[in-house]
Amino acid sequence: MKKTTILDLVSRKLAPFMLLFGLYLLSYGHMSPGGGFQGGVVIASGVILLFVAQGVGTTASLFPFRTLSLVEAAAFLLLLAAGLAGLAAGAGFLGNPMAGVDVRAVPRVSMILVYNVLIGLKVGAGISFVCMYLFREGR
Amino acid sequence: MVEVLLALMVVNSILALQIRDMLAAVLLLGAFSLLSCLVFFLMNAPDVALTEAAVGTGVGTVVLIWIVYKTERRDEA
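One line per chain: the protein sequences are H and W, in this order.
The letter at position 87 of the first sequence is residue 87 when you use the working numbering, and the numbering goes up by one with no holes.
To convert a position in the second sequence, counted from 1, into the working numbering, add 1000.
These are computed hints drawn from the structure, not numbers from a lab.
Quantities reported herein were computed from a predicted structural model and do not represent experimental measurements.
Even glycine gets a Cβ: it sits at the ideal position worked out from N, Cα and C.
Heads up, some of the hints might be wrong.
Claimed, not checked - Looking from chain H toward chain W, a few residues come up when the C-beta cut is under 7 Å (computed): (1) Pro33; (2) Gln38; (3) Val41; (4) Val42; (5) Ser45; (6) Ile48.
Throw the hints in and build the complete structure from the sequences for me.
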């Protein structure tokens, strides 16, 4: 596809802010509108903007194929581990293991934050991965 | 306000079904997503509105435009 100056410039300036807004939605999902899935999809749309405007080859040096697939798999396994941690603490699967213990330094809501960040990483990496596979040139 | 938006959504979807140009149909579908996002926001569901804006208007439209680009733009049937 033909690349224009406007597309190039706007995508370069806009994509970092989209990624930042996605991270904000991830990390404040337990207090304000947002959450894991929404933040992940916003991150993925920032990456997709780069794919569409800059080309998959250029963007793949920033978000390599292998790293995205590793992040997706690792986030799923860590999410499973976080769920099983609740089971081990006697709160049931995906329960809050910190509900029983009194940890002064760590607020109890931090478990929701952990779930949100893990889900966001998984969703963001997964959707970026799918679209990278879709937009690849020269099949 | 919500009724107006819902009526606009109905008009939008009928247009998207009837139009022959596939790219225009995809863009109408994106506008439909945007209108439903506004409806969700007005009904005090900002979480769902965020999801709809990101998935329906962002990722879904991009993927459908790519499919139109890779296949036929005109609907012959």
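Results for each hint:
1. With its C-beta approaching chain W no nearer than about 4 Å, H:Pro33 sits inside the 7 Å limit, and its interface hint holds.
2. A least Cβ separation of about 4 Å between H:Gln38 and chain W falls short of the 7 Å threshold, and the interface hint therefore holds.
3. For H:Val41, the interface hint holds, since its Cβ comes within 7 Å of a Cβ in chain W; the closest pair sits about 4 Å apart.
4. Annotation: H:Val42 was flagged as interfacial toward chain W, and the flag holds, the nearest CB pair being 5 Å apart, inside 7 Å.
5. Among the interface hints, the one on H:Ser45 holds; its C-beta lies about 4 Å from the nearest C-beta in chain W, closer than the 7 Å criterion.
6. Given hint, H:Ile48 at the interface with chain W, holds; its Cβ is 6 Å from that chain's nearest Cβ, closer than 7 Å.
Going through the hint list in order, the structure satisfies each hint without exception.
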